[in-house]
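A.B. asks: The chain contents come next:
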Amino acid sequence: MWWYVAKRLLQTIPVFLGATLIIYALVFLRPGDPINGLIGNKPVSDEVRQAIRDQYHMNDFFLVQWLYFLKDVVTFNPDFVGLDGQPVFEKIRNALPVTATLALMALLMDAIIGIVVGTIAGLRRNGWFDSITLVISLILLSIPIFVVGFVLQFLFGVKFAIFSATVGGDWTVGKLLLPAFVLAIANIATTTRLTRTSVANNMTADHVRTARAKGLPEGAVIRNHVLRNSLVPVVTYIGINLGSLMAGAIITEGIFNVQGIGNLAFQAVNRGDAPVTVAVVAVMVMIYVFMSLIVDLLYAVLDPRIRYV
Amino acid sequence: MRLSRRTRLAGVALIAASSLTLAACGGGSDDKSEGGGGGGSTDKVISVYGTNPQNPLIPTATNEVGGGDPLDNLFSGLVAYNTDGSVTNEVAESIEPNEDSTVWTVKLKDDWKFTDGTPVTADSFVKAWNYGANPKNKQLNNYFFYPIKGTDEVGNTEKGSDTVSGLKVLDDTSFSITLKEPESDFPLRLGYSAYMPVPDSAYDESGKITKEYGDAPIGNGPYKLTKSGWEKNKQISLEPNPDYKGVHKPKNGGLVFKFYNSTDSAYTDVQSGNLDVLDQVPPSALTTFESDSAIKAYNEPGSSFSSFTIPERLEHFKGEEGELRRAAISMAINRPEITEKIFNNARTPASDFTSPVLDGWTDKVPGNEVLKFNPDEAKKKWAEADKISKWDGKFELAYNNDGAGNKEFSEAMANQIKNTLGIDAAPKAYPTFDELRTVITDRTIKTPFRTGWQADYPSMLNYLGPIYATGAGSNDGDYSNKDFDKLVSEASAASDDERYKLISEAQSVLLKDLPAIPLWYQNATAVTTTDLKDFKFNWKQKPDYYALTK
Numbered sequence: 001m002w003w004y005v006a007k008r009l010l011q012t013i014p015v016f017l018g019a020t021l022i023i024y025a026l027v028f029l030r031p032g033d034p035i036n037g038l039i040g041n042k043p044v045s046d047e048v049r050q051a052i053r054d055q056y057h058m059n060d061f062f063l064v065q066w067l068y069f070l071k072d073v074v075t076f077n078p079d080f081v082g083l084d085g086q087p088v089f090e091k092i093r094n095a096l097p098v099t100a101t102l103a104l105m106a107l108l109m110d111a112i113i114g115i116v117v118g119t120i121a122g123l124r125r126n127g128w129f130d131s132i133t134l135v136i137s138l139i140l141l142s143i144p145i146f147v148v149g150f151v152l153q154f155l156f157g158v159k160f161a162i163f164s165a166t167v168g169g170d171w172t173v174g175k176l177l178l179p180a181f182v183l184a185i186a187n188i189a190t191t192t193r194l195t196r197t198s199v200a201n202n203m204t205a206d207h208v209r210t211a212r213a214k215g216l217p218e219g220a221v222i223r224n225h226v227l228r229n230s231l232v233p234v235v236t237y238i239g240i241n242l243g244s245l246m247a248g249a250i251i252t253e254g255i256f257n258v259q260g261i262g263n264l265a266f267q268a269v270n271r272g273d274a275p276v277t278v279a280v281v282a283v284m285v286m287i288y289v290f291m292s293l294i295v296d297l298l299y300a301v302l303d304p305r306i307r308y309v
Numbered sequence: 310m311r312l313s314r315r316t317r318l319a320g321v322a323l324i325a326a327s328s329l330t331l332a333a334c335g336g337g338s339d340d341k342s343e344g345g346g347g348g349g350s351t352d353k354v355i356s357v358y359g360t361n362p363q364n365p366l367i368p369t370a371t372n373e374v375g376g377g378d379p380l381d382n383l384f385s386g387l388v389a390y391n392t393d394g395s396v397t398n399e400v401a402e403s404i405e406p407n408e409d410s411t412v413w414t415v416k417l418k419d420d421w422k423f424t425d426g427t428p429v430t431a432d433s434f435v436k437a438w439n440y441g442a443n444p445k446n447k448q449l450n451n452y453f454f455y456p457i458k459g460t461d462e463v464g465n466t467e468k469g470s471d472t473v474s475g476l477k478v479l480d481d482t483s484f485s486i487t488l489k490e491p492e493s494d495f496p497l498r499l500g501y502s503a504y505m506p507v508p509d510s511a512y513d514e515s516g517k518i519t520k521e522y523g524d525a526p527i528g529n530g531p532y533k534l535t536k537s538g539w540e541k542n543k544q545i546s547l548e549p550n551p552d553y554k555g556v557h558k559p560k561n562g563g564l565v566f567k568f569y570n571s572t573d574s575a576y577t578d579v580q581s582g583n584l585d586v587l588d589q590v591p592p593s594a595l596t597t598f599e600s601d602s603a604i605k606a607y608n609e610p611g612s613s614f615s616s617f618t619i620p621e622r623l624e625h626f627k628g629e630e631g632e633l634r635r636a637a638i639s640m641a642i643n644r645p646e647i648t649e650k651i652f653n654n655a656r657t658p659a660s661d662f663t664s665p666v667l668d669g670w671t672d673k674v675p676g677n678e679v680l681k682f683n684p685d686e687a688k689k690k691w692a693e694a695d696k697i698s699k700w701d702g703k704f705e706l707a708y709n710n711d712g713a714g715n716k717e718f719s720e721a722m723a724n725q726i727k728n729t730l731g732i733d734a735a736p737k738a739y740p741t742f743d744e745l746r747t748v749i750t751d752r753t754i755k756t757p758f759r760t761g762w763q764a765d766y767p768s769m770l771n772y773l774g775p776i777y778a779t780g781a782g783s784n785d786g787d788y789s790n791k792d793f794d795k796l797v798s799e800a801s802a803a804s805d806d807e808r809y810k811l812i813s814e815a816q817s818v819l820l821k822d823l824p825a826i827p828l829w830y831q832n833a834t835a836v837t838t839t840d841l842k843d844f845k846f847n848w849k850q851k852p853d854y855y856a857l858t859k
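One line per chain: the protein sequences are V and E, in this order. Counting with our numbering, you get residues 1 to 309 for the letters of the first sequence. Counting with our numbering, you get residues 310 to 859 for the letters of the second sequence.
Calculated directly from the structure, the hints in this document are not laboratory data. Every residue gets a Cβ at the ideal spot worked out from N, C-alpha and C, and that includes glycine. Just so you know, not all the hints are guaranteed correct.
[Stated by the list, open to error] Below, a sample of chain E positions facing chain V; criterion: calculated Cβ distance under 7 Å:
#: 1; residue: Asn364
#: 2; residue: Thr392
#: 3; residue: Ser395
#: 4; residue: Gly459
#: 5; residue: Tyr569
#: 6; residue: Ser574
#: 7; residue: Gln580
#: 8; residue: Glu646
#: 9; residue: Ile647
#: 10; residue: Thr741
#: 11; residue: Phe742
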């Protein structure tokens, strides 16, 4: 198993190289000159423009820019700065904790609510609870996230003032409750549907009938034989979700003014800030890869038949 | 056995998951404890909307509002701007011209100090300006130094010299500035942040301004940074500077510039009382903000001017034919309709090339009837132009799609031109501002394009010379008219009534040639919490931050 983990970790190297190379190519192909955006309508001399372009290697081919990027990353260069002159590593270190917390909170809400509701619905398939969950989850899936975000923000943040309307730089877990819930909403619906189907299928499986036949109490049957088997696809979905939650936070972070990774990525792309854009996306890719590794390891816990050699 | 194996696996997964989370949180914890003290303890600290500065906080490097607003409060220049745009001497005891206004002698008050305790001397100014004008230092504001002798037309020191030859330190508290041309309103410029003094501690041994200084500048202004100062991605906190001796003495307990991703979330924060001042209303709230009882709303004409430029090199827009076509297009645009329907009266239709907030402004510039909607006259002029050379092709209007309202007004305007003149007219989108600016700067753009001007200092001439004078730095359309150049340089040297008369004449030349079609003045809009007092816009469309109280 340890060999398996090491192998998977080694695989991240080509993933990192490939992802950053692709993004560098994309940023390179983008028309326009970010320096013009920095300057606005005001004049600036060609000397200054060229000096700034040289500083960021913008006159080089993207492969060369990419090699400079790799050198900065490998050496952890503290002078590796974005177009705004701020160190890139510091920016990411400042933005990552709030987004990670937000995503984990959303993930927890998603997992707890989704699995509990889905299990109940699955155990009582086609009952009234199941039908109501189906309707609610369809509604949740079909409303765009920014609508839910603005409506909940207005209702609970401004009108009733139960939660803080925005998060801002001084974030706390309490302030993140509302945005985390908004972020979790669409996923809760999917997790519920997935758990429900999986549980319902397992209820009629042969090994469950056998367990019942040998006189095991119903609670034990459900815990040990239904749930454990049902959770394999659910864990896959939830685990991979953490990656997409981190990346998909852009809209939620915008609405609730969370100064996180999503916001950083949005502004960097807008400004054509290649160093920051590439670094942020690389971090997201890495998180995604690590999350899928953890999901794979969890399989073995849930299903002992799965072995890593 | 089986159980222990599974536990082990779970353990690995758990450790992996938690180390990921811990690594993510590790960096943040110490930042948070530092942030605790930010903003001081009194409830008189005013929180205002801000964005993360795009450049280090160095006066000659900062050219956008995210950094400019804090800088204006951290530094004091030779003069200070009053709310109405007039100037008062600040660090300067006197600024005296020679008889033709080409050499200005500045005397400083001798009791000013930077917040690190060092005195503000003539050298503090001259050294900072030399630094800004030297292209090796890559300062975005170097063009502010172009009027001074010893710089080229974009404000760089000539021939790569380290110093500007027109700047001379006379003694500790006086220096002289030699200009290329007579300029009677030169002191009006000197309150802009690019001209601020910088203390000696800012420079390292090689003479570069350090990164540490750019992160935590030491100034001489009404405010200084608090201990927490600029917290990246979060806020910039200022407290009153006890040694400050100027005219903008803070009336509040400090300022916190809170950073926002969007004006929408800032607006929500004003509504819920978490933010005191938002100095621009998001487009989504423009129809409702003046009737919203949860906030106080402000809306008045401001100092930023919108237009679209028709480059001189375009086919059909040269000479007499061009003059007729430009006038026809201008008269085909119904400005009041657009400012009302699309901008909800947050714009005011233009009647000249400057701004109504300025001293000497008038809506009676001869020739400005060309800015009134007049479809019959427009059609007539267009037909006359057709007689000279028949119009063919399409009239396109380039705009950048990342600015709020640009798409809507460009479409509306293209429609008005199409309906009035019966020609094929359409907007042409560029996804981002920098893409549009790139094709404008390298002169490859083949269509008219939207332009705007936010003045650097409160003078009508700042709206004319830098944009329409032959070869000027922001003359995007390559306009050139000797009469206009002459009138502007005469106005620069003249004073009072004579000066305003010459400016009016210069504007009449522009209204005839229409190198750019004036559209509207952007209104200054703002919302504040209901308990905020003494809110007033200054000429820059910004609140006078020092005066705000609760």
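A.B. asks: None of the hints should be skipped; say for each whether it holds.
C.D. replies: Now for the hints, and whether the structure bears them out:
About 6 Å separates the beta-carbon of Asn364 of chain E from the nearest beta-carbon of chain V, less than 7 Å, and the hint is met. Evaluation of the Thr392 of chain E hint against chain V yields a violated restraint, the C-beta minimum of about 25 Å exceeding 7 Å. For Ser395 of chain E, the interface hint is violated, the least distance from its beta-carbon to any beta-carbon of chain V being 24 Å, above 7 Å. A least Cβ separation of about 14 Å between Gly459 of chain E and chain V goes past the 7 Å threshold, and the interface hint is therefore violated.
A least Cβ separation of about 5 Å between Tyr569 of chain E and chain V falls short of the 7 Å threshold, and the interface hint therefore holds. Checking Ser574 of chain E against chain V by beta carbon gives a least distance of about 4 Å; that is within 7 Å, so the hint holds. About 5 Å separates the beta-carbon of Gln580 of chain E from the nearest beta-carbon of chain V, less than 7 Å, and the hint is met. Because the smallest distance between the Cβ of Glu646 of chain E and any Cβ of chain V comes to about 26 Å, over 7 Å, the interface hint for this residue is violated.
Taking 7 Å as the C-beta cut-off, the interface hint given for Ile647 of chain E is violated, the closest approach to chain V being about 21 Å. Annotation: interface hint on Thr741 of chain E holds; nearest CB of chain V at approximately 6 Å, less than 7 Å. At a threshold of 7 Å, the smallest CB-CB gap from Phe742 of chain E to chain V is about 5 Å, leaving the interface hint in force.
When the structure is compared with the earlier hints, violations turn up for hints 2, 3, 4, 8, 9 and for no others.
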